[in-house]
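Use these hints to put chain Y onto chain X, whose structure you have.
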Amino acid sequence: DQQVKQNSPSLSVQEGRISILNCDYTNSMFDYFLWYKKYPAEGPTFLISISSIKDKNEDGRFTVFLNKSAKHLSLHIVPSQPGDSAVYFCAASAGDNNDMRFGAGTRLTVKP
Amino acid sequence: KAGVTQTPRYLIKTRGQQVTLSCSPISGHRSVSWYQQTPGQGLQFLFEYFSETQRNKGNFPGRFSGRQFSNSRSEMNVSTLELGDSALYLCASSQSNTGELFFGEGSRLTVL
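Same order as they appear, the protein sequences are chains X and Y. So the first sequence is numbered by my numbering: it starts at 1 and just counts up by one. So the second sequence is numbered by my numbering: it starts at 1 and just counts up by one.
These are calculated hints, taken from the structure and not from any lab test. Just so you know, these numbers come straight off a predicted model, no measurement behind them. It is possible that some hints are incorrect.
As the list claims (entries may be wrong) - Below, in silico cross-link-like pairs of lysine-lysine (BS3-like), each with a Cα-Cα straight-line distance of 25 angstroms or less:
{"id": "1", "chain 1": "X", "residue 1": "71", "chain 2": "X", "residue 2": "111"}
{"id": "2", "chain 1": "X", "residue 1": "5", "chain 2": "X", "residue 2": "56"}
{"id": "3", "chain 1": "X", "residue 1": "111", "chain 2": "X", "residue 2": "68"}
{"id": "4", "chain 1": "Y", "residue 1": "57", "chain 2": "X", "residue 2": "5"}
{"id": "5", "chain 1": "X", "residue 1": "71", "chain 2": "Y", "residue 2": "57"}
{"id": "6", "chain 1": "X", "residue 1": "54", "chain 2": "X", "residue 2": "71"}
Isolated chain X (complex conformation) (with noise of 0.2 angstroms):
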């Protein structure tokens, strides 16, 4: 049951442009999203979070929005840089809860 999905399976943007990762849920009973990037041959690593309280949130050049009545949230990076290429999650969790549900993945190529 793929209760977070990603639709995209890759996404490729040229370097300073924006990229836009997207991402659906179909459980409204989860409360925190999460995004996590992954390079070949390491584990994920944590990007940035949001509540469900919230509907936005930046840190620095990456910025997470929720839209809790379409289920869907997205990843923005402004400016993209080469460095950004890799596997992004979504994932996504209920309440007190480290049951963590991830998407696919998108893989996101940014050419110099």
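The following block gives chain Y in isolation, referenced to the frame of chain X:
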């Protein structure tokens, strides 16, 4: 402090065999989660342990099991291996219930 350590990093088994994977969490982290990563499926949640108790379980057959020791180290076991069990198995530890997960580099299992 040391990150999450998983052993072995790579292993090859044949169908019908069983395998045990080990995970040492970050010192002080009491929650350990296991995920299976396969191409196109993203990270699939296997189970989560906290203080030696399994708190959450994903939708995997009973061939997949785990345990956690008093020092928070965790093992997962897969019995009667099938070709489809070939994947990267990731362990993650967490300090809090809804905090970020810290992932190890994974154990890549190939079933022939």
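We went through each hint and held it up to the structure:
A hinted pair counts as satisfied when its Cα atoms are at most 25 angstroms apart, and residue 71 of chain X with residue 111 of chain X does not qualify at roughly 31 angstroms. For a cut-off of 25 angstroms, the pair hint linking residue 5 of chain X to residue 56 of chain X stands: about 20 angstroms separates their Cα positions. Distance restraint check for residue 111 of chain X and residue 68 of chain X: the Cα-Cα separation of roughly 32 angstroms exceeds the 25 angstroms cut-off, and the hinted pair is therefore not satisfied. Among the hinted pairs, residue 57 of chain Y with residue 5 of chain X is consistent with the structure: their alpha-carbon atoms are about 20 angstroms apart, no more than 25 angstroms.
Between residue 71 of chain X and residue 57 of chain Y the alpha-carbon distance is near 24 angstroms, which keeps this suggested pair within the 25 angstroms criterion. A hinted pair counts as satisfied when its Cα atoms are at most 25 angstroms apart, and residue 54 of chain X with residue 71 of chain X qualifies at roughly 13 angstroms.
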